[in-house]
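Letter by letter, the chains look like this.
Protein chains: 2
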Amino acid sequence: MDDTTMRSRLAEARVARLGTVGVDRRPHLVPCCFALDRDIAYSAVDGKPKSTRALQRLTNIRTNPPTTLLVDHYDENWESLWWVRIDANGRVLDGGSEFDNALDLLRLKYEQYQHAAPEGPVVALDIVSWHSWP
Amino acid sequence: MDDTTMRSRLAEARVARLGTVGVDRRPHLVPCCFALDRDIAYSAVDGKPKSTRALQRLTNIRTNPPTTLLVDHYDENWESLWWVRIDANGRVLDGGSEFDNALDLLRLKYEQYQHAAPEGPVVALDIVSWHSWP
Chain A
0 MDDTTMRSRL AEARVARLGT VGVDRRPHLV PCCFALDRDI AYSAVDGKPK
50 STRALQRLTN IRTNPPTTLL VDHYDENWES LWWVRIDANG RVLDGGSEFD
100 NALDLLRLKY EQYQHAAPEG PVVALDIVSW HSWP
Chain F
0 MDDTTMRSRL AEARVARLGT VGVDRRPHLV PCCFALDRDI AYSAVDGKPK
50 STRALQRLTN IRTNPPTTLL VDHYDENWES LWWVRIDANG RVLDGGSEFD
100 NALDLLRLKY EQYQHAAPEG PVVALDIVSW HSWP
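First to last, the protein sequences are chains A and F.
Numbering (numbering that gives the first Met the number 0) for the first sequence: 0 to 133.
Numbering (numbering that gives the first Met the number 0) for the second sequence: 0 to 133.
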């Protein structure tokens, strides 16, 4: 997969899976909506009901910044499979201009957020490396 | 989501995302096919081309067994979203009766494997806890 395809597949994906790591070295995985701004991906804690308010992903990123974000395409024809993954360092944003910009990008990408804007915090993923297959 | 729904959604999912952790505490994420046998999930290294033979997921599991496996459903109607996640301890199987049984389960679930059986190794995930949303 060439670089242009890789970047557009990530940018256009409607859902990704965010991986973080706890202090106990246990991986944590959650599907998330996100928006890409050049080499930073943003995701926001939004109004979708959560099982707990103390979100594991935020705790993990605050104590251990390395994160990863994966988008993939599944098809029963295995010739059509592909995935794009970024390895990144995560930051948790509670406010400020970068936070506001991230919410703007998310509202632009997801019509659903225009009716109920995410409250945050925002997770900012500073991309360290890009990976793709095939 | 009730327990029966949670278990059947995991068992029937055609693709999941496997999270592992490296010695550097960096999470690693890859989409995978898998089969569930009560409280163990099995995935196999198969013939789909890989970017490298020394697979990061196997190195990670051998040095740090905690793993996680996520299946999720995305829909533009956010009322229909759901996910099921298992936290597990991983083992890498290179042969033996459990290895053979895992390959049988994978061939049974995926018609694609009936034409090209996976060679392995097999990743066995001993489920520690189940999580689901909503």
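Hints are supplied without guarantee of correctness; some may be wrong.
Treat identical chains as interchangeable: a pair holds within one or across any two.
[What the hints assert, rightly or not] Here are the simulated SDA-like cross-link-like pairs (lysine to any residue), alpha carbons at most 20 Å apart as the crow flies:
#  : residue 1 : residue 2
1  : LYS108    : TYR73
2  : LYS108    : THR62
3  : LYS108    : VAL127
4  : LYS108    : HIS130
5  : LYS108    : SER79
6  : LYS108    : ARG37
7  : LYS108    : PRO133
8  : LYS108    : GLN55
9  : LYS108    : LEU57
10 : LYS108    : GLY21
11 : LYS108    : LEU54
12 : LYS108    : ASP36
13 : LYS108    : LEU80
14 : LYS108    : ASN76
15 : LYS108    : TRP132
16 : LYS108    : PRO64
17 : LYS108    : ASP45
Think of the hints as simulated: they come from the structure by calculation, not from any bench.
Given the structure is predicted, the values throughout are model-derived calculations rather than measurements.
Do the hints match the structure? See the list:
1. LYS108 - TYR73: Only across copies: LYS108 and TYR73 sit 15 Å apart there, 22 Å inside one copy, limit 20 Å.
2. LYS108 - THR62: Answer is neither: 29 Å inside a copy and 39 Å across each miss the 20 Å cutoff.
3. LYS108 - VAL127: The answer is neither: 23 Å in one copy and 37 Å across copies each exceed 20 Å.
4. LYS108 - HIS130: neither (23 Å within a copy, 29 Å between copies)
5. LYS108 - SER79: The answer is between: 19 Å across copies meets 20 Å, while 25 Å in one copy does not.
6. LYS108 - ARG37: So LYS108 and ARG37 pass the 20 Å test inside one copy only (14 Å; across, 40 Å).
7. LYS108 - PRO133: neither (26 Å within a copy, 24 Å between copies)
8. LYS108 - GLN55: Neither. Shortest intra-copy (25 Å) and inter-copy (33 Å) distances fail the 20 Å Cα cut-off.
9. LYS108 - LEU57: Close neither inside one copy (23 Å) nor across copies (36 Å); limit 20 Å.
10. LYS108 - GLY21: For LYS108 and GLY21, the Cα distance exceeds 20 Å both inside one copy (30 Å) and across copies (33 Å).
11. LYS108 - LEU54: neither (24 Å within a copy, 34 Å between copies)
12. LYS108 - ASP36: within (11 Å within a copy, 39 Å between copies)
13. LYS108 - LEU80: between (24 Å within a copy, 18 Å between copies)
14. LYS108 - ASN76: between (29 Å within a copy, 15 Å between copies)
15. LYS108 - TRP132: Cα proximity of LYS108 and TRP132: none, with 25 Å in one copy and 24 Å across.
16. LYS108 - PRO64: neither (25 Å within a copy, 37 Å between copies)
17. LYS108 - ASP45: within (14 Å within a copy, 36 Å between copies)
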